[in-house]
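Student: Spelled out from the first residue to the last, the chains are:
Number of protein chains: 2
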Amino acid sequence: MKFSLTTLGVSSASPTTDRYPSAHILNICGRLLLIDCGEGCQMLMKRHGISLMKTGRIFLSHVHGDHVFGIFGLMSTLSMSGRTEPLHIYAPETFRGILDFFRGQFLERECYPIIFHPLTSGEPETVWEDNGITVTAFPLLHRVPTYGYLFREREPELNVRKEAVSALSLSVEEILALKEGRDVRREDGTVLETQSLTYRPYEPRSFAYCSDTAVFDALPGIVRGVDLLYHEATFGDDCADKAAEMFHSTARQAGETALKAGAGKLVIGHFSSRYKDPSVLLAQTREVFPQTEIGWEGKEFEVPLKKNEK
Amino acid sequence: MKFSLTTLGVSSASPTTDRYPSAHILNICGRLLLIDCGEGCQMLMKRHGISLMKTGRIFLSHVHGDHVFGIFGLMSTLSMSGRTEPLHIYAPETFRGILDFFRGQFLERECYPIIFHPLTSGEPETVWEDNGITVTAFPLLHRVPTYGYLFREREPELNVRKEAVSALSLSVEEILALKEGRDVRREDGTVLETQSLTYRPYEPRSFAYCSDTAVFDALPGIVRGVDLLYHEATFGDDCADKAAEMFHSTARQAGETALKAGAGKLVIGHFSSRYKDPSVLLAQTREVFPQTEIGWEGKEFEVPLKKNEK
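Protein sequences, first through last, are from chains A and B. No gaps in the numbering here: position 124 of the first sequence is 136 in our numbering, and each next residue is one more. No gaps in the numbering here: position 90 of the second sequence is 102 in our numbering, and each next residue is one more.
This is chain A alone, in the form it adopts within the complex:
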């Protein structure tokens, strides 16, 4: 029941000696979801023991080099490794031409299906769901079309309280109805109420990824209540003007968005190379939102399972 984000690349456009461009792995119960794929991503994954072959979906925020230059090498390696499973790529429509060009020029043998899911909507939209999670893409505010992603576990199935099963001699049909949230009226007129006889075994967890973006009013509402929020913090207070000019955020602004959204925890990344030690950025964010942590290569941020009382 793992739900964790591993930050791999946390530099902004220019990498440093110890920070690679944007790349993150979200592990939701064994689903390995790659979020942005900056140069060197495949090497970072190998270094930190993350399986390239088991990574099924890549979510790209936008078509700036520091978020996509790693995908070419990664896809080549998958091809040479004999992958046959499909690879799903979610990205702004602007990535289509680049993907087509790369496939034509570089993939000698394309042995696995590459399925491109272009993002074009100006509104949040569900782009993928399976029996356990839903993924929503939503537009951010940057110099080129850019999307954030919201990953939510689905509501788990209701459990019927064990003591009720024996005390009320529940039949299989009654249990199934209660699990589906339906009250049951027995022939003797008594009503078995789902609300009192069942419980949710745990609360669904959520994570939102916001990079790169300027501040905008709608964002806190879109990511409201997420357990874990990743938000770019390219600049500090000293470069607030530059942040605005470049459609980026300051560390403080990242904290303000987390606060307004009521996020459980905030992770900041995408640091400009001018900050050799990004702890100065962390301090500025924490002035606004104390539950902030800093991303670095290989750091894993777990969202623990929130079990409910039976």
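Read the hints as simulated data drawn from the structure, not as lab findings. Note that beta-carbon positions come from the ideal geometry of N, C-alpha and C, so glycine has one too. Don't take each hint at face value.
Claimed, not checked - Mimicking BS3-like on lysine-lysine, the simulated pairs with C-alpha atoms at most 30 Å apart in a straight line are: (1) Lys58(A) <-> Lys58(B); (2) Lys254(B) <-> Lys58(A); (3) Lys58(A) <-> Lys311(B); (4) Lys272(A) <-> Lys311(A); (5) Lys14(A) <-> Lys66(A); (6) Lys58(A) <-> Lys288(B).
As the list claims (entries may be wrong) - Stretch by stretch, here's where chain B covers chain A in the computed footprint (C-beta under 8 Å, at least three residues): (7) 73-84; (8) 111-119; (9) 141-154; (10) 169-176.
Unchecked claim - Among the chain B residues that face chain A by a calculated CB cut under 8 Å, a handful are: (11) Ser26; (12) Gly52; (13) Thr89; (14) Ser93; (15) Gly94; (16) Arg95; (17) Pro98; (18) Arg108; (19) Ile110; (20) Phe118.
Chain A is already provided as a structure; the job is to place chain B on it using the hints.
Tutor: Chain B alone, transformed into the frame defined by chain A:
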């Protein structure tokens, strides 16, 4: 008077946890020449203290991803760093479309001139020379158009022996003539012979880069007598068939080429990921050519200055 090769990336197509794709820096008396530019090259350069800004020329062997995917990030970083010096790129003509596509899609601000030198010849040809070195590109034998590069110091100017200057009371004109290799006949009939009165202060050094290539007869002749030879050694004896099929070389074949060429020293690289420890490849090469060393990230191979007796 430095002349050294630093191997940065020594993996073949699929990188490993400790080997990046092809990238090498040749430092000839302060000229920083980048040879191939696999993914992660700019990060390796930063990690090993090699200045991106001072790197003026990039020599690409061929358009396979593991030799070129790093150039996009490197060029982007140069652009954001405010470079104004030209960047010269030598590559097979097949790279032109990729370079143009990249510039159109990714370089937001192109503040430095990018000068592309396409290689098309089927014969060795000088592609660059300055007052100290000449660079010759020559075709290799691979699945796509591929070139090796031969870097040679020019012959240094002759020095006139100090004892001759005073003993023969040489005039400035006589010294200049002797330095240019011309004998001088004095009015009294005596001849000042350049051969006995001058010496070369040092022997010009040379380096050749051969990756990727199958064995072919002409190669040893092209790189004859180089002080330092880099040759790919993708496979070991166990995969000789695969090497031939893929137009690659085995470690042993790399040694055989070095032997036939009369190279001073051989460095092998471009190791397949199947060899966790490439020392097995080194052993096979050394059976043929003992003066072989193995390339690894950040390893510098110096060619010492060979001073002549005065």
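Student: Looking at the structure, which of the earlier hints fail to hold?
Tutor: 9, 10, 15, 16, 17 and 18
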